[in-house]
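Chemist: If you read the sequences in order, they're chains A and B.
Okay, so the first sequence: first residue is 261 according to our numbering, each after it adds one.
Okay, so the second sequence: first residue is 13 according to our numbering, each after it adds one.
Any given hint might turn out to be false.
[Unchecked claim] Straight line, CA to CA, 30 angstroms or less: simulated DSS-like cross-link-like pairs of lysine-lysine:
(1) A:299 to B:330
(2) B:560 to A:299
(3) B:560 to A:298
(4) B:389 to A:299
(5) B:83 to B:560
(6) A:471 to A:299
Everything labelled a hint here was simulated from the structure, so no lab data went into it.
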Amino acid sequence: MKKFIFSRILQSVVVVWIVYTVTFWLLMATPGDPFIGKKQPPPAVLAALRREYHLNQGDFHAYLAYGWQVLAHGDFGPTISYANWTVLDVIRNSLPVSVALGAMALLIALWLGVAAGVLGAVYRGRWPDVALAVGTLLGISLPTFVIGSGLLMLFAVETSLLPSGGWGSIQQLILPAFTLSVLFLAYLARLSRASTLDVISSDFVRTARAKGLSPMKVIAGHVLPNASIPVLAFLGPATASVLTGSFIVEKIFAIPGLGEVFVNACLDKDIPLVLGIVLVYTVLLVLMNLLVDIACAFADPRIRL
Amino acid sequence: MRQTLLIPSLVLLIVGSICFYISTPHRQGANALSFCEAGQIHTLDPDKMTWMQDIRVATGLWEGLAQLNPKTLQPVPAVAKSWKISPDGLTYTFNLRHNARWSNGQSVTTADFVFAWKRILQPSTAGGYVTMLFHIAGAKAYFNSLAAGRHAGFGSVGIQAPTPYKLVVTLTHPCAYFLSLMTFPPFFPLNPAAMARFRSNGQSPAHYNPRWTRPPYLVTDGPYYLAAWKFHQYLELRPNKYYWDRQAVKCPALYVRNFPDSQSAFLAYQSGAVNVLSFVPTLFAPALLRQQRQHLRNDVHYRQVFGSYYYNINSRHKPLNNPLIRRALDMAIDKQAIVKHILRLPDRTLEVLVPPESIPGYVSPRGLAMNIPAARKLLIKAGYPGGRGLPVFKFLTNSGAAINIRIAQAVAEMWRHNLGVRVSIHQEESKIFNQDVVQGNYDIARAGWYGDYMDPTTWLDLYRTGNPNNLTGFSNPRLNALLREASRQTHVTQRFALLHQAEKLLVTRWMPSIPLFQYSDGLMYNPQRIGGISTNVRMITLFKYIHKIRPPVSQAAEANR
Numbered sequence: 261m262k263k264f265i266f267s268r269i270l271q272s273v274v275v276v277w278i279v280y281t282v283t284f285w286l287l288m289a290t291p292g293d294p295f296i297g298k299k300q301p302p303p304a305v306l307a308a309l310r311r312e313y314h315l316n317q318g319d320f321h322a323y324l325a326y327g328w329q330v331l332a333h334g335d336f337g338p339t340i341s342y343a344n345w346t347v348l349d350v351i352r353n354s355l356p357v358s359v360a361l362g363a364m365a366l367l368i369a370l371w372l373g374v375a376a377g378v379l380g381a382v383y384r385g386r387w388p389d390v391a392l393a394v395g396t397l398l399g400i401s402l403p404t405f406v407i408g409s410g411l412l413m414l415f416a417v418e419t420s421l422l423p424s425g426g427w428g429s430i431q432q433l434i435l436p437a438f439t440l441s442v443l444f445l446a447y448l449a450r451l452s453r454a455s456t457l458d459v460i461s462s463d464f465v466r467t468a469r470a471k472g473l474s475p476m477k478v479i480a481g482h483v484l485p486n487a488s489i490p491v492l493a494f495l496g497p498a499t500a501s502v503l504t505g506s507f508i509v510e511k512i513f514a515i516p517g518l519g520e521v522f523v524n525a526c527l528d529k530d531i532p533l534v535l536g537i538v539l540v541y542t543v544l545l546v547l548m549n550l551l552v553d554i555a556c557a558f559a560d561p562r563i564r565l
Numbered sequence: 013m014r015q016t017l018l019i020p021s022l023v024l025l026i027v028g029s030i031c032f033y034i035s036t037p038h039r040q041g042a043n044a045l046s047f048c049e050a051g052q053i054h055t056l057d058p059d060k061m062t063w064m065q066d067i068r069v070a071t072g073l074w075e076g077l078a079q080l081n082p083k084t085l086q087p088v089p090a091v092a093k094s095w096k097i098s099p100d101g102l103t104y105t106f107n108l109r110h111n112a113r114w115s116n117g118q119s120v121t122t123a124d125f126v127f128a129w130k131r132i133l134q135p136s137t138a139g140g141y142v143t144m145l146f147h148i149a150g151a152k153a154y155f156n157s158l159a160a161g162r163h164a165g166f167g168s169v170g171i172q173a174p175t176p177y178k179l180v181v182t183l184t185h186p187c188a189y190f191l192s193l194m195t196f197p198p199f200f201p202l203n204p205a206a207m208a209r210f211r212s213n214g215q216s217p218a219h220y221n222p223r224w225t226r227p228p229y230l231v232t233d234g235p236y237y238l239a240a241w242k243f244h245q246y247l248e249l250r251p252n253k254y255y256w257d258r259q260a261v262k263c264p265a266l267y268v269r270n271f272p273d274s275q276s277a278f279l280a281y282q283s284g285a286v287n288v289l290s291f292v293p294t295l296f297a298p299a300l301l302r303q304q305r306q307h308l309r310n311d312v313h314y315r316q317v318f319g320s321y322y323y324n325i326n327s328r329h330k331p332l333n334n335p336l337i338r339r340a341l342d343m344a345i346d347k348q349a350i351v352k353h354i355l356r357l358p359d360r361t362l363e364v365l366v367p368p369e370s371i372p373g374y375v376s377p378r379g380l381a382m383n384i385p386a387a388r389k390l391l392i393k394a395g396y397p398g399g400r401g402l403p404v405f406k407f408l409t410n411s412g413a414a415i416n417i418r419i420a421q422a423v424a425e426m427w428r429h430n431l432g433v434r435v436s437i438h439q440e441e442s443k444i445f446n447q448d449v450v451q452g453n454y455d456i457a458r459a460g461w462y463g464d465y466m467d468p469t470t471w472l473d474l475y476r477t478g479n480p481n482n483l484t485g486f487s488n489p490r491l492n493a494l495l496r497e498a499s500r501q502t503h504v505t506q507r508f509a510l511l512h513q514a515e516k517l518l519v520t521r522w523m524p525s526i527p528l529f530q531y532s533d534g535l536m537y538n539p540q541r542i543g544g545i546s547t548n549v550r551m552i553t554l555f556k557y558i559h560k561i562r563p564p565v566s567q568a569a570e571a572n573r
């Protein structure tokens, strides 16, 4: 077991290093100079800026310098576009916004999705099921920016029921969280419908019905717990994609999350900031997978082999 | 098994709530004013600022020796209560007021100015506007010696502080706008004591941990201090109780915000979440101005500003090094049609470089008007009748604003139709665009410039040989001589006459750039609710005077209560 955990940790470290390397060289290959703006300072000032950001002695030196800075200080140092903030400061301030939005979106997706899926399965072939099929098809196929803009027009511009964007109140969270949840909601509804159908036809459900339990109790007590196992397995990858996929929603609703910062950092060629955000996401994903693998290995000895 | 859905739900709820709680701003009071900037704040280090929004916030937090009167744009006393200029225009003696104080209660003294100016003159500070200090005697030599790695003494720089309240500055040449520069962030004082703990050991003297600009560490001497700065969300400015002119500051809390795009900012403004927009959204501007004309709204404050939109022509290579072709290109453009049909805004076309009637006392020369037959003749004279023999020019424009590409397409069509000149339009991301322009990888490139100070040289210097901002590669000894002569001239009228002559030659003979139109810009606020803003040609809004006006109705209601 120790050997297994050790080798998985080692693999994770290698993955993070590969991601760092690829990101760095891709950034270096993109055209543009982060320090050249509309107004040109004297060459000595440009040289000082390059020195400050380790970009004065060639790309390979910068590659090693940034790598060393992260290992030694756990930070990439100041960003280029927001010089008063280090990469870590930016992430510390923006990541909670994206996480809060993502968590709320998943929560909505989980409850509405499972409820809709179970409803569809129970009323199989009847109108709720058909409505579910149409709804999930739309949810999966409509892009986020269409749903987001539509909701914005309907609830913020036409009726003024909810604020158009920004961050700070629960009302401001409703529209973006729902927009972000739609895709996951649709997937979860399909998934839970299928698994509910499996469970409904199993022997123990028939036994429960035969004992005279009410249909509500059968669903809540016997069907739902068993039908939600595949749903939970889906939550792992969904967490990752909800975090990385919130950019468009952040843009539409003017939410100060990490997605918007990341895209601007790419456009500004803010090398330390891009590296930092990519690494944070990588470490998060690798860590999640590592924990899941280790947990699975504990539960199922065959995996360790 | 019952918990299968409950546990992940609880985890999501708890994680989401904690993250939401720590990332949300706290409530702003009813009297607080919310001011929306067009872009993100990049830095609050006055020595490194180059962005408009950073500079605007800096003038709320700091105060230099002088400040601009927002109506007349003339420098008026600030930290310096008075000043004396020697008859030769070379020596400025500033008398500092004794009651000027930092937000931590300390007195503002000349040592704070000397410290700040010495800091920006270190090349390692990487001050974007350091060249503005080169008017001071010895400053350029000091900077260049340090940049070359040689030791240099600060004693040779013309900055002396005989007493804590008297500052004597000696210039290399008379500078008509030197007092205006005192209102600009690179000349603001810094508090050495507050910054000392952030100085990095073993690094150059200019190197400070950038955290010194963040609350609660930032100590400033202006109308406000920085109470909070939530990244990507807002800055909270509160009145500096030690400020010498405290009673002039009427706004109890000022929130500086920005949004990812102008549409969402406009929606926030419409919903009342923002009280002042520092711009008029381009997309809605024609409609908003129409509504204003029909008296349906009164909150659009739009005017011509000290900025222009033009095309740079690369004068380094053949055949565009020939001024005849450059002039032909200028005269073949119907600038009026661009303003009327593409911009659809009350912008003014330009035939000169310096926006006319902006600088009191400066008379603009007459530029070249549109004249297609004359333009064709110029091409024939240059040896390219009907554009035959000319290569296809690389016409560079930056993405971002959609209007750029539309103007470029219109101009390209005018050149093709009127002159037979062909161009290939390249649209590039701003970072790549800027790099290509600086490196001269273009034939014709879009450009825009906002004047940094109220003097024609803020434009004319762009064509001086050796200026890093000379992007056209244009070099002409006659122009350099005229600019040099003007810089030595102390008499305002004679100086302006020399600059007028230089501009006339630039726009009628040499034509290194083709001016298209003068920028218009504006603010949006309800004048019945917000006071203390005066729109001016440089769009300078001083946070010091801005405040909410209490509606008279509610005052009456309160009295009844």
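Chemist: Which hints, by number, does the structure contradict?
Modeler: 2, 3, 4, 6
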